[in-house]
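Peer 1: Sequence:
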Amino acid sequence: MADLDEFEPAQPASYTGKGDSGRTSFGRHGDVAKTGARVAAYEDCDEANAAVGVAMAVGGLPLEVTSTLASVQNDLFDLVADLSVPLDDPEPAAARIRESHLARLERAVDHFAQQAADLSGFVLPGGTVAAALLYQARGVVRRAERGVWAAVEEHPTSVNPLGAAYLNRLSSLLFVLARGANADLGDVKWMPEASARAMAQEDGGDDSADDPAGDSADQPG
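Numbering follows the UniProt record's numbering, in which position 98 of the sequence shown is assigned residue number 98; successive positions increment by one, without gaps.
Since the hints were derived computationally from the structure, they do not count as laboratory data.
Computed from a prediction, not measured in an experiment: that's the story for all the values here.
Any given hint could turn out to be false.
[Unchecked claim] Restraint-style ranges between C-beta atoms, simulated for each label pair:
| # | residue 1 | residue 2 | range |
| --- | --- | --- | --- |
| 1 | Asp89 | Gly126 | 24 to 30 Å |
| 2 | Asp118 | Arg96 | 34 to 40 Å |
| 3 | Glu106 | Gln201 | 42 to 48 Å |
| 4 | Ala183 | Val58 | 44 to 50 Å |
| 5 | Glu106 | Val188 | 15 to 21 Å |
| 6 | Arg107 | Gly60 | 21 to 27 Å |
| 7 | Gly126 | Leu63 | 19 to 25 Å |
Where a beta carbon is used, it is the ideal one built from N, C-alpha and C, also for glycine.
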């Protein structure tokens, strides 16, 4: 049996251990806590980008949709680049989220909404594989939006609020894309208290109530 000393030293691992203290060097913000709002927003946006990537990879989406989402992924890199550099930094950032980013998403929402046909009612986040993945990505994007707003509130002079506005538009885009992905199959509409009412009927009771769902689309701005 060979002695351990005879083996060549291992190659450097793909980790540094520098963040083991709970702090990290975050762009031009310098040394900050990993739990800080700006770092949390960055990571939420990174996760949102990955969720969009999963929907593209396994959702079987049309080329027009995947092309749009590929552009969105590039935008999300713009967003994290923006977060990495203080808004009031004298040196320019590699990228900033601008009004034109939002305008392009608004145009995409208007376009794909026509393919969704029916945008009314509250729907369950499922249906086709594509729709389920798009709904899931939308949930991650909405969390990322909240994270960016939290960073804006905590650091109003250094975090670009257009990043949060972009995520709000992206949430709307993913919603209409998901509805479009279910256009042939049909969405499953929310039925308020459906299981409770069914149980009451089995027990012979009358548990009817007014429908609180209404007819408005589930597109909070």
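Peer 1: Is the distance from the Cβ of Glu106 to the Cβ of Gln201 consistent with 42 to 48 Å?
Peer 2: holds, 45 Å
Peer 1: Note whether the CB distance of Gly126 and Leu63 lies within 19 to 25 Å or breaks it.
Peer 2: Hint holds: Cβ distance 24 Å, inside 19 to 25 Å.
Peer 1: In this structure, is the beta-carbon distance linking Ala183 and Val58 contained in 44 to 50 Å?
Peer 2: violated, 19 Å
Peer 1: For the range 24 to 30 Å, tell me whether the beta carbons of Asp89 and Gly126 fit it or not.
Peer 2: violated, 44 Å
Peer 1: Is it true that Asp118 and Arg96 lie within 34 to 40 Å of each other by Cβ?
Peer 2: Distance hint for Asp118, Arg96 holds at roughly 37 Å.
Peer 1: Lying within 21 to 27 Å: is that true of the beta-carbon distance Arg107 to Gly60?
Peer 2: With a Cβ separation near 24 Å, Arg107 and Gly60 satisfy 21 to 27 Å, so the hint holds.
Peer 1: So does Glu106 sit 15 to 21 Å from Val188, Cβ to Cβ?
Peer 2: violated, 28 Å
Taken one by one, the earlier hints fail for this structure at numbers 1, 4 and 5, listed in ascending order.
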